[in-house]
Each structure stands twice: as C-alpha cells, then as structure tokens.
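Q: Now that you have both chains on their own, put them together as the hints suggest.
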Amino acid sequence: DVLMTQTPVSLPVSLGGQVSISCRSSQSLVHSDGNTYLHWYLQKPGQSPQLLIYRVSNRFSGVPDRFSGSGSGTDFTLKISRVEPEDLGVYYCLQSTHFPPTFGGGTKLELK
Amino acid sequence: EVQLVESGGGLVQPGRSLKLSCVASGFTFSNYGMNWIRQAPGKGLEWVAYISSGSSYIYYAETVKGRFTISRDNAKNTLYLQMTSLRSEDTALYYCARQGATVADYWGQGVMVTVSS
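Here the protein sequences line up with chains V and L, keeping their order.
Quick note on numbering: my numbering labels position 29 of the first sequence as 29, and the sequence is numbered without any gaps.
Quick note on numbering: my numbering labels position 64 of the second sequence as 64, and the sequence is numbered without any gaps.
The following block holds chain L by itself, in its conformation from the complex (with noise of 0.2 Å):
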C-alpha cells in the first residue's frame, strides 16, 4: 500500500524559515518524480513543485520560486520542502504527492503551516 506521511509543518512567523519533510514507503520511491501541492485554508489546490525521481529535473510555481526548495534523499525514502521568507499567503496544507499516472496519483494527509505574527 502507497503511504506518504508529511511532517515539519506548524506556525511560524512571516519572513522565518520551515522545512517540511514526506515520508514515502510502499513502493519504490527512487523510481518516482514528487510533488508538494497546497491548499489554503477553505480553497482550492495549487501546485508548487516537482523533483524527478533522481533529483535532475526540479520545477516550481512562480508564487514560490527563489523562496522554496525542494530535494529528496532517495536512501532514506524522504522528500523535503524547505521554506524561507515565508508571507502569509503560504498558509496552506501541504501536501506531498507521487508523480505516477499523473501529477499526483497518491497523496499524503497533509501538513499545514500557518504563517503568522
């Protein structure tokens, strides 16, 4: 069974830092391309990055590229997403997603992060 678990999430103040992590298991995580795709509190889904599964091709959303990163560690089954700068338009659930049959065939519960002062 496909499990992605997230974590790192929280509230932290506009302008600090996060990193947020998923933990795949279930399948072969070093032969899949990830994504992290958000949602705002009572809206819809938004997009925010891609790494292929051997970490060449990395994608991002304008609204977050320069401020976000996103990696993965492949021997620990781990995709990251660090935060910096964050504004209070992050606030949103964060969710890591496997790139099989489409952008996100499987996606984990979520992770919210909450920017505010």
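This is chain V alone, in the form it adopts within the complex (with noise of 0.2 Å):
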C-alpha cells in the first residue's frame, strides 16, 4: 500500500495567520490517465470528514480560497491562510491513485 506522510501531526497557530501542511507519499500519484489524485480533508471536532481540495489543487464546492493546495508527484502541500476558528481540527491528505486508497495520519491545527 502506498504510505501517506503527513507533517507536522500537530500545527499550533493563531487566528489571522498562514500555515502550510505536508503530506508526502511513498511512490508517486501520478496515475497512468495522468491525473494525480492527491485530495485534503478536515475532519472538525466530532464531525465527520469534509472534502476541502481534492487533484491536488482544485477547492471543492463552497469551499473559500484561503484553502490552496499544490505539489506534485510525492509532495504536496495544503496551504490555509488567514485562518478562522471555524478551521480547526484534523487535516487528512488521501491518496486514490493506487489501490487501496489510503490517508495520511492527520494534522491537528490548534490554536496557540
């Protein structure tokens, strides 16, 4: 199975600021139809996960454009500027190129 390496697992910050989450795959997601399918979620406190970026950079419906995501072949990146309270909680990456798809360990944005 393809291994997702998300870092930092926790991102302390404070309301206002940019931070940027890692996620790293064992091989590449790189599909052979060339689309890399490499998609980001957060998951809020006792809520189920919530599709925020999903082929590496295009933001899912309703979604605002503080969240941007980017990277290619085994490093992406998911950047949330200007952060608001309502965006704390645990940031997943998911993989779908390979079989089975598989998550990242998750992020945990918190405040300061």
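Derived by calculation from the structure, the hints in this document are not laboratory data.
Treat each hint with caution, since some may be false.
As the list claims (entries may be wrong) - One side only, chain V facing chain L, incomplete, derived with CB under 8 Å: (1) Pro45; (2) Ser48; (3) Pro49; (4) Pro64; (5) Leu94; (6) Ser96; (7) Pro100; (8) Gly106.
Everything numeric in this text was worked out from a predicted model, so none of it was measured.
Backbone N, C-alpha and C fix where the C-beta goes; we use that ideal spot for every residue, glycine too.
A: This is the structure:
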C-alpha cells in the first residue's frame, strides 16, 4: 500500500495567521491517465470529514479561497491563509491513484 | 442537499455479525459509486470497501476481505455493509461516502460499531 506521511502532526496557529501542511507519498501519485489523485479533508471536532481540495489543487464546492493545494509527484502541500476558528480540526490527505486508497495520519490544527 | 444517514451499529461480540445501512438522498444514488470508510477511536481513517453504481465492481481492503460484503439497492437508495466474523480491531466509526470528485466527496455522520465480549 502507498504510505502517506503528513507533517507536522500538530500545528499551533494564531487566528489570522497562515500555515502549511505537508503530505508525502511513498510512491508517485501520477496516474497512468495523467491525473494526480491527491485530496485534502478537514475533520472538525465531533464531525465527519469534509472535502476541501481534490486532485491536488481544486477547491471543492463552497470551500473558501483561503485554502489552496499544490504539489506534484510525491510531495504535496495544503496552505491555509487568514486562519479562522472554523478551520480548527484534523486535516487528512488521501491518495486514490493506487489501490487501495490510503490516508495520511492527520495534522491537528489548534490554537496557540 | 446531499445526505447520507448510516444506521445499524452497536455492541456485538467477537465472531458475530452486524449489517450497516446507509440511506442516501439529495442526489441520484444510482449514478454514483459508494464507499465505506472507518475510523477507530482516536485514530485515523481507513478505506474499507467500494461498490460501483451498478454493483458491477466491488473492492475490499485486505483487512476485511472475506468477512465483509458491500451491496446496494438502488431502488431504495440504500448502501449496505454486511460484517461477519467481527474482531475487536473492527471497532470503529463507520462512514458511508459518495464517490464523486474523489473517493469520498460527501460523508455520512457515521455509525459506531463496537466489538467486545
């Protein structure tokens, strides 16, 4: 299985600040169809995960432009600017290029 | 509005069976593949199983293959997960999720399965 490694595990932030979360895969996530199936989710406390970014850099419906995704191959980043209280929770990356789909271990975004 | 509502969870003894259901609304259920994804208490996310829109393609995680069966009834807008030979390590919150933009673009609220004697 493809191993997804997220860093850091915990990320203290001040409201209004900017943060980056890294996600690295054990093998390239470029699919034979040319797409890269790397996605980002946020799980707020007590809630189910919600999709933020799909295929590296595409914001899902209703996701504010404070969230942006980038990267290629095996190295990906989620950036959050102007952090708001509703952004707090655990962020997960997910790869679905290779079977089975695998998630990163999560990054907890919390207030300083 | 897309809604996915799971049910059927509970406390079950090791080796016993349980069947989860997920009722979908707000979209044309028969047009989408569906997944089950689970989360052990305090842990991360693990993909469990996938079924295509017409049930032609079905895939399982190695950890549940041979014990779990995913199925669907498009007339009832319902996804199922039949779980047999349950183990303590199957204890988790089970989510159903629609396969759209990604493996899981919309998630249900989850249903808890606890395997313990």
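Q: Now, for every hint given, state plainly whether the structure supports it.
A: Verification of the supplied hints:
With a cut of 8 Å, the hint placing V:Pro45 at the interface with chain L is violated, because the nearest CB-to-CB distance is about 12 Å. Checking V:Ser48 against chain L by beta carbon gives a least distance of about 4 Å; that is within 8 Å, so the hint holds. The closest approach between the C-beta of V:Pro49 and any C-beta of chain L is roughly 6 Å, which is under the 8 Å cut-off, so the hint is satisfied. Annotation: V:Pro64 was flagged as interfacial toward chain L, and the flag is violated, the nearest CB pair being 17 Å apart, outside 8 Å.
The interface hint given for V:Leu94 holds, since its Cβ lies 6 Å from the closest Cβ of chain L, which is under the 8 Å cut-off. A cut of 8 Å between beta carbons decides the hint on V:Ser96: the least distance to chain L is about 5 Å, and the hint holds. Given the 8 Å rule on beta carbons, the hint for V:Pro100 holds: about 6 Å separates it from the nearest Cβ of chain L. For V:Gly106, the interface hint holds, the least distance from its beta-carbon to any beta-carbon of chain L being 5 Å, beneath 8 Å.
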